[in-house]
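Undergrad: Read off the chains here:
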Amino acid sequence: MTAIVEVTNLDKRYAKHDVLTTLNFTINRGDVVGLLGKNGAGKSTLLECLMNLKEPNSGSIKLWGKTWQTLTQAERERIGFVAQSSAGYNWMKVSQYLDYMSHFFEHWDHTYCDQLVEKWQLDENQYIDQLSGGQKQILDVVQALSIKPELLVLDEPVAHLDPNMRRQFLSELMELCCEQNTTVIFSTHIVSDLERIANKVAILMSGKIIHHHDLDDLKNAIGKVSLSGVTNAQDLEMLPLSNTISQQDTVTGFILEPSTLDWQNVVKDLGLSYRYSAINLEDWYLEVAKHAY
Amino acid sequence: MHIKYHCVYIVQRSFFVLPFIILLALVFNWVLMRGLPEELTTELMLKATTVLSLPVIFCALLFGKGFHLLKSHFLWLQNIRFRHSLLHACLILVALSVAIFCMPVIYLIGLPWFCLLAPLLFGIIGLLGVTAQSVVMSFFWLGLPFFMLIGFQHPATWQATIMLAICSASYLIFTAYFPNKISTKTKNKATNNRRRQLDNTWCNTQVAKFIGHFCHFKTATLTHAMVYPQTKYGFLAIYFAILSGILFWLTQGSPAAPYLILLFIFSCQFPINHETSLHKSQLRPIAHTFVSSQALIRALLVTTDLLALRNIMIFSVLFYGLVNAFIEHPIPLFYALAIWSFVLMYHSIHPLLLIANFKKITLSNSLIAVAIIAWQVLILTLLSLYLPAINVYVYLFASLFLALGVRFITQRFIEKQPLERVLT
Amino acid sequence: MSEQLINLIYLINAQSGVPIYRQIMDQTTHAIVTGVLQADQLMPSVRSLASHLQINPMTISKAFSNLENEGVLIRKRGVGMLVASNQTSRTISTDTTNALQTFIDLAKQDLSNDEIIALVQQHLAMSRKKGK
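Residue numbers (our numbering), protein chains in the order written: chain A, 1 to 293; chain B, 1 to 424; chain C, 1 to 132.
Bear in mind the hints are in silico, worked out from the structure with no lab data behind them. Small disclaimer: the values here were computed from a predicted structure and weren't measured. Glycine included, each C-beta is placed from N, C-alpha and C at the ideal position. Treat each hint with caution, since some may be false.
[Claimed, not checked] Covered by chain B, according to a simulated footprint, are these stretches of chain A (three or more residues, beta-carbon under 8 Å): (1) 80-86; (2) 218-229.
[To be verified] Using 25 Å as the maximum straight-line C-alpha spacing, the simulated DSS-like pairs for lysine-lysine come out as follows: (3) B:209 <-> A:93; (4) A:148 <-> B:209; (5) A:62 <-> B:416; (6) A:93 <-> B:416.
[Stated by the list, open to error] Stretch-level coverage of chain B by chain A, calculated; a stretch enters the list once three of its residues show a Cβ under 8 Å from a Cβ in chain A: (7) 204-215; (8) 223-237; (9) 277-288; (10) 410-423.
Could you build all of it, start to finish, from the sequences and the hints given here?
TA: Right under this line is the structure:
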């Protein structure tokens, strides 16, 4: 697997506040990575560091094995970025804005851009300050996708989109992934979207990536377990349970990450009975984040 | 406490332009104290009061920007205590402006205290004019003080002008303090215009849209990302030329006029930086296409340097025409050397303006402001006192070398800054 | 394959605890068993399915690969993924049918239909994990 993005020991501080602390992170070619984290966790900071808009205090970021200074112009222009807040240009019309942006990217696909504008029902002659928040976000996405990027960095790209537009955006993104094998990293609070389109999920907490798993492996592993007949709490230490709650001889806990341990056999060997139910990603995130809130 | 916070917020929003208005007021006051005879006729008193009113009106218009921002909060329409505390803050600021700019001179010259009434009323109208229910009425109220100044100067019309000013100011205060007393139609308009009220760059955007019709994007340049078209095409310079014309007309024959107008020269360059600071976030989608952060910073500097230069060229041509039209003995050499010096000064400190924070009073901002004012005062003093003795060529080359040296230092400094400091 | 047919076969619940690739596998198998998909029928391309369902193409590729390994689908070069011809002729044995009926009769005494389905799914999930 070719690593497209390699982040090593990244530190970023704002005044006295540590946002990112010794962060290590790798994204392989073709991955669609969903980044989760509470508000103020540093997701936008991480993405802006990836885009060289913010300079880390220490550590390194490599794209295609190169630092930003050594990337070629062509490689830089194959990166699409959608920031959290829309870009502005209130005095321009939609068509003017896209025409203006196209001059910065050699591989801008005008035909594809026009198709997206028509598909997502943007009025080319409308001024940007007359667009709604969602439409401005769509425009930013059109601008990012029109370059047919190899790497797409999206900071909450669907926050203001209605459900229909969100589905259309996801559909378009998936087509791009098929066609271009585009690598995508996106931050979002809409976990259901992440479950659909991501193949990897990462949680940013306390300045570090505390979980970074293949989504299918994660969903196969995570769940809520209820153990009955527990007499000795120490027996449970070998089990990969988190956030446990005990009541008489019943202990309920969550499996929050893939493990090589065959815990069902361990439970049987301990002479306990168990009930297992699968949980979705949102419940998983809430359990992981419990201690952070 | 709320009144204090409102005052601080409004003054902070005006921070960068306020020093220039203070300088303007100092120059006006100096001219008045030196130029007025001991025996004052009514006409002279009126002219003196007019000159004293100008900085107060400029201040009021400047404070109106911060007031407008605070007024766009939904509490302005829904919470009477918020509304009243904000209005108290506005009136206090106008009163303070009058006290600072007018009272010392009135006391020293011996003008009657009644002369304080005019600047106070004009200031109130200028500041509260932003509470108007429509854009047209806003322009009317904001322009009214200047027209009143014209009427106020003449012995035949000054009384009527003062009566009109009293009525206008009373009306604005009443409608601002007691919104329930105004008609339902106006209240509905206020609610419907909320979107316009919320967007304090509405006027700029409309002008930009008009000019944007004629914009064509043939290459990838930063110009369209950094400033509105009207500043790019030098229209900003035309606004200042119009203002200069009004000033020349009001202070006809005064030898101090060129000094005052020269202060506008920097005002043609400086707003470029103010606008770029508002629009820097527009660079984020394309910042990564530049070879390096230093390349982007250099491109920003070149773009804004050229824009400022274009503005000043347009203004200089118009200004020279005004000087020739209104001043009996134009002083072209003084004008030319002052323009040369001011342009060099701006371009030498220009890199520092990229990281100046236009919204907060910080130590670095204050130092930059002090440096600009001190440099301007030095140039004007040097030229006005020693011009006949100065060797023009020596002055030209010396000022050029000084500016190049300072620019070299400031450019090296800015290129070492992280991109986030420049773009934020 | 038409969009209507894709909508008929696949209803992905991203928020269930079941991985999406698993849901695709189960729903494809269900469509074959119930006769919605015929033998030698061409499956939709990964791209069109990914775009239509807004699902990561890697997930779909994984599901199809697993189904290919299980012999449910076969890959034909230059054509795509086809339903294996031996799938639809599979019949369920009498013993299995009788066991199923006995189980349902017993379970219905204490549980509702939804509870029965949930229980079966739970045990299936557990047996899959054991089988890994």
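Undergrad: Let me make sure I understand: some of the numbered hints might not hold for this structure. Which ones are they, in numerical order?
TA: Per hint list: 2, 4, 6 violated.
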